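So the protein lines, in turn, are chains D and P. Quick note: the first sequence uses the working numbering, first residue 6, plus one each step. Quick note: the second sequence uses the working numbering, first residue 868, plus one each step.
Don't read these hints as lab results, they were simulated from the structure. Predicted, not measured: the structure shown is a model, and the values here were computed from it. You may find that some hints are simply not true.
[What the hints assert, rightly or not] Pairs of lysine-lysine residues, derived as DSS-like cross-links and limited to a Cα-Cα distance of at most 25 Å, are as follows:
#	chain 1	residue 1	chain 2	residue 2
1	P	Lys938	P	Lys924
2	P	Lys924	D	Lys100
3	P	Lys938	P	Lys881
4	P	Lys924	D	Lys8
5	D	Lys74	D	Lys8
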Amino acid sequence: DAKTTQPNSMESNEEEPVHLPCNHSTISGTDYIHWYRQLPSQGPEYVIHGLTSNVNNRMASLAIAEDRKSSTLILHRATLRDAAVYYCILRDVIKAAGNKLTFGGGTRVLVKP
Amino acid sequence: DTGVSQDPRHKITKRGQNVTFRCDPISEHNRLYWYRQTLGQGPEFLTYFQNEAQLEKSRLLSDRFSAERPKGSFSTLEIQRTEQGDSAMYLCASSLNGQGRSYNEQFFGPGTRLTVL
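Okay, chain P solo, but in the shape it has when bound:
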């Protein structure tokens, strides 16, 4: 399977614990995005990378959230001191950005569902 993969698919944690999610994008894609989706809502943008550089962060991304893409390949999203409000589906997407493209189709992974008790 050459699609976007995410690990783990499900995570249950207690309030106050730290969690880390991993995303492996499609191999040649230079952009990687993180979104969060709560029940009944559309996904909300969190942050994105072009190669290893984090180019934009949403105001939704509080100080407890940090994302990295150290070698421009896989990415991790860490949430420190989790709160019940962090319970959501965390979606990763990747795209190939280049000159002359009028759009950059984003390919999404299956998501990591986080439940904070």
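Looking at chain D on its own, in the form it has when it is part of the complex:
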């Protein structure tokens, strides 16, 4: 299975942008890049996903490198409520293995007021 590598932790100031990198150098052509986050004492929640093109939604933006070997989750204006562990996950939509989420260690984001 293709794996992802993320920094263990990042700090940001409130209302500043946060750029969370993810390396996935062994990504396959049918792997989608998904991001989930887990707020303290809660289950994970979906943030965003993409295949090749950059994606935007109300929560965040996802920038995908042209060679797809890395991606960056962008929180445009971090709030205290964005303090969470962010997970970058590859999901193969063709193989049965893509039915489950394979979480790594994620990046713990600390937002300072």
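Fit chain P to the given chain D structure using the hints.
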């Protein structure tokens, strides 16, 4: 609240006892997943159902673990003869799987925290 619910939220048991957890998914979701999360780690996949059929089980799911989804709605996860190593957060998620979807967003419940003394 129409989200995924889990019961109980916390369970403390003695080693060797059996425990059972319940998960109620979002009503129209046909897939239901169980994950386990230990402190400081990301969740690990245990098993998943499509309707009432259990389609995949992780090697983490030893013979002491059994999961059911008898009518394709709620699910139960039972752990027999609990061990201290079973102490973890047990997370349930559900999704709607269908043709033409490029992804199946999983919606997670709040989890059941198990402590085995």
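If you test the structure against every hint from before, which numbers come out violated? 3
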